[in-house]
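Novice: Line by line, the protein sequences are chains A and B. Each residue of the first sequence is one higher than the one before, starting from 1 at the first, in the UniProt record's numbering. Each residue of the second sequence is one higher than the one before, starting from 1 at the first, in the UniProt record's numbering.
Misleading hints may appear alongside valid ones.
Claimed, not checked - For the chain A half of the interface with chain B, some residues (derived, Cβ under 10 Å), not all of them:
1) Gln23
2) Gln84
3) Glu86
4) Pro90
5) Ala178
6) Phe270
7) Val310
8) Thr378
9) Val416
10) Arg424
11) Ile426
12) Asn430
13) Arg432
Don't read these hints as lab results, they were simulated from the structure. Here a beta-carbon is modelled for each residue, glycine too, at the ideal position from N, C-alpha and C.
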Amino acid sequence: MAKLDLDPALVARARELARRAGQPVVDLARSHTTVSVERAVLRLAGVSGADPDGIPWVNRLVDAVVDEVGLEHGVALPVFAALQQEGLTPADLTLLAQKAAAGSVRFGAPRGKEATAARKLATRATTAGIRTIDRRRAERDRLVKRFGDPEQRPWIYLIVATGDIYEDIPQAQAAARAGADVIAVIRSTGQSLLDYVPEGPTREGFAGTYATQENFRLMRAALDESSRELKRYVRLTNYASGLCMPEMATLAGLERLDMMLNDSMYGILFRDINPIRTFVDQRFSRQVHARAGIIINTGEDNYLTTADAVDEAHTVTVSQLLNEFFAHEAGLADWQLGLGHAFEINPDVPESFRLELAHALLARELFPDAPLKWMPPTKHMTGDVFRGNLLDGFFNLAGTMTGQGILLVGMMTEAVVTPWLSDRDIALQNVRYVLGAAGGLHEDFVPAPGGFIQQRANRVLAEAVTLLEKIEGDTLLKAIADGTFGIMKRPADRGKGLAGVAKHADDYFNPATALLEAS
Amino acid sequence: MSDIVRPYGDTTGDGMVQLSFTLPIPHDKRAEGAALQLAAKMGMEPAMLVHAKQMGDGFTFFVVYGRVNHLVDVSKVEVVERDFPLLSAKEVNAAVKRGLRRKLSVVGACIGTDAHTVGIDAILNVKGIAGEKGLEYYRELKVTNLGAQVTVPELVAAAQRERADAVLVSQVVTQRDAHLHNTREMSAAFREALPADKRPLLVVGGPRFDETMAGELGVDRIFGRGTTPGEVASYLVHALVTA
């Protein structure tokens, strides 16, 4: 390692600044809850299913509690106290939700003995859910041991997205056979702004397939079949983002998904979700991911799709450092940090490929134990598919030369159509050629001391430190409000989902957070 | 120069084109024959099969080169030609200042569930595109960029609040013709909310729009792929100030 001659003191300073910038946000997250965090708790405790209109029972139950006692105490105590009053057991939680929806149950904040009993019952029920997540993690470990990991790094990551889970399955299996190590099922456009998780298998979506617990289960089962056939464990990815981030993480843990897109700021910047809502939700979701052994993928690549990839390269580094801090704080280990970055420099910029190498290597050296997620060009894909295929080849080459962990396969038809069968085949052929011809090149690739690449990487790091100093002085929330990342301005008192946020009351109780933080 | 042309490979008049496609059959002699049959039916005669590769169990990818006999009459092509002069930022500012004596208000958004702000940002953000600065850079334009996933009622409300002279809408997602539905919904909402003389100029843009469909979609102008901020600014001046 150490190909860039980075100043260790400067690297340490960057991390320290990220910690100082991030800590107030962690404090904020620790003192607030959201409707989605509370719904995730109830999902762990066993509430499932949806009403005839497709609104999940967890939503109906949380809404009923919020109406009567508010969100600030957490829903666990009111729910489990009501359960006892009704003479029901935790196995009847969904029944309680149905009664609550019909208006035949009253909720209150229990006190004294009643509260103690409710606390105990809630903890027991939630523990059962977390045990299921533990069992699923052990199951993954067993399967990886039996079938093995991919032979090469980077792992090859491919997207399917037909909108119909029953179409996705054969496509995903075909992609695995053609060499994909990781399958991502893209979500339907707009799902991130739904304040509930749809139920059941779904056959219709827009530019993607709805993420539901049943779709997770069906796809994981299909890829287990493929893993057996191919003698390598094929991983499954979905999205813990948007308004239901904590629930998505929980469902992923329960259904043994292997990776989740989970960025600390993406929802704020790109979906205009309220910043506090996002930070509270992401902390809980990351605690679940940590427990479930799920690798997170962060979304720094997105900044470069709206901002200039050269001028704003340091914002990627800053975001990676912040994502790392938030992830460690939530209990994630380095091997779980698929920190994102992308090949998005305008190919007409002189020396664009050397700049890409400098940026990619900088990420590699700053986070030596993280499986970096390397994202293909999208912004400068023009519809000229021939040029696009060449650009993707250079992207693949940069990925292997700089030792990236997860490579999202670029499509030459980016910006033209959703990938055709032949597009995917050509794209995989491109990856296979580059990895086959130059798979070990990272061993030989050592930039010249003091040369272009070293200088560029050091400069980006220095710019990142300058920006972190500014963020730390101003506070992160203000930096986001001022449009520091990806140009979008997002004030903390605006954005979607703000109504579903509450500051903890003194008696706030959340059995899941208590269990996750104890581990 | 003649208005009648045919495709050009390496010799004038050779009519050569290339084509790639997939047939849902495994690769064998018969599949190659089937590919040539398709090429022939598409008017490629003679056609040369230069590449065939099986993908998965039951699909084969083909690349075919061949000669087409069709002629193209360039004089009969219908397109929306730019019908306004292209102005520099300075000229745009001067024209607005002289003609309106106030700033020209522009409200932009991606509507529907479309989260791709790439297009609207390229036109509006100072950063711009291809070295050309976006409308925020123009001193005499007041730009409000609402970002992505804006609902039509939100857009109408914002246009009224900002006294918009022009509303710019970008649509990238085209699945199930979402861009067309969204545009129609938007133009209908403006027609309903405001009398004709108070209605802002409605402009939509996106890579998959047909520029000739403005009337059908109820908007004043459609911009397709490759549009630059300067073209949009020049059009706004043409439509709102000088015309």
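Novice: For which of the previously enumerated hints does the structure constitute a violation, in increasing order of number?
Specialist: 1, 2, 3, 4, 7, 12 and 13
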